[in-house]
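A.B. asks: Residue numbers (the numbering used here): -17 to 299.
Just so you know, these hints were derived from the structure itself, not from any lab. Possibly wrong hints are sitting among the right ones.
Claimed, not checked - Pairwise CB distance ranges, derived in the manner of DEER restraints:
(1) Y291 / G219: 35 to 41 angstroms
(2) S273 / L82: 53 to 59 angstroms
(3) E(-1) / P239: 39 to 45 angstroms
(4) H295 / R230: 27 to 33 angstroms
(5) D251 / G219: 44 to 50 angstroms
(6) Q49 / D111: 52 to 58 angstroms
(7) D(-6) / E255: 18 to 24 angstroms
(8) Y291 / S121: 43 to 49 angstroms
(9) S121 / G254: 27 to 33 angstroms
(10) R61 / E(-1): 20 to 26 angstroms
If you're wondering where the values come from, they're calculated on a predicted model, not measured in any experiment. Yeah, the Cβ is synthetic: ideal placement off N, Cα and C, and Gly gets one too.
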Amino acid sequence: MPPKALTAHDPDDIPPELTSGVVAIGNFDGVHRGHAVLLERTLAEARRRGVPAVVLSFEPHPRTFFQPQRPVFRLTSVREKAQRLARVGIDGLVVAPFDLALAGASPARFAEEMLAARLKAQAVVVGPDFRYGARRAGSIETLKADGERLGFDVVVVPIVMEGEARASSTLVREALAEGNVERAGVLLGHPWFVTGTVIHGDRRGRDLGFPTANIALGPDCRLRHGVYVVTLTRADGTVHEGVASYGRRPTFDNGAPLLETFVLDFSGDLYGEEVTVTFLAWRRPELRFDSVEALMAAMREDVAAARTYFSAHPPAV
-17 MPPKALTAHD
-7 PDDIPPELTS
3 GVVAIGNFDG
13 VHRGHAVLLE
23 RTLAEARRRG
33 VPAVVLSFEP
43 HPRTFFQPQR
53 PVFRLTSVRE
63 KAQRLARVGI
73 DGLVVAPFDL
83 ALAGASPARF
93 AEEMLAARLK
103 AQAVVVGPDF
113 RYGARRAGSI
123 ETLKADGERL
133 GFDVVVVPIV
143 MEGEARASST
153 LVREALAEGN
163 VERAGVLLGH
173 PWFVTGTVIH
183 GDRRGRDLGF
193 PTANIALGPD
203 CRLRHGVYVV
213 TLTRADGTVH
223 EGVASYGRRP
233 TFDNGAPLLE
243 TFVLDFSGDL
253 YGEEVTVTFL
263 AWRRPELRFD
273 SVEALMAAMR
283 EDVAAARTYF
293 SAHPPAV
């Protein structure tokens, strides 16, 4: 079965059992390797004190709030983030609405109202470049001063490097925009995945002998259009091998981007079911073919390549 997700709590409705804990602050989009170090320190500090380990995150992403015309490519939804946090052992997730009030709060007010009054934090864990409050005026130094004044400790976790670059959500987004899902998986510490409900398409795949499970991804998705080796996991936890195309179907209609997954050796009905598609390997870019026959020939090659991949890398079940 997929991991049980944490419940995302509003800051105004935090259960008492999640207060007076150790609080990690950040967006935690993707819950990548850099986040893992910060979360491990949060868990260690919480267990040492015998208190809950809690993550404080924000929705929407602050950059999306300030530039809604250029939304950030989100690596994980709130629900997917909650699943990853539960898997590593975090006890609670608090999601603060990022709105004008929060964006305009001074660093002192944020520390007083959010960290001290609502979360009753014993300790706060952040990265070395953490900024907070209106116009990002709050720094590590002001946070430590706020902690001394309000009664919480501050733990600063060093940056995690990936080669010459720091592990970051930005690096993961760049890898996915290039179609390099293998690189994205290394940065994340797990393969990138999306979760969605299977919708009806135009049934062209079925007519061509390649019926697909179709999912509409968010408008912020910047995944490179192309064909990928994937697995599809159903709600009951069963994992199926597959090959997926993400793009606009230029051979036919050049329509809105759609994720279309052909599940190998499967004949059931997935319409209306929530599934998770996990991206394992890049196959090829999306192409416009001169004929349906040429497209079908390429699809047969894609399926053969996926079978070869899975013969060497059987999916975990």
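A.B. asks: Could you tell me which of the numbered hints above are not met by this structure, giving the numbers in increasing order?
C.D. replies: 1, 5, 6, 7 and 9
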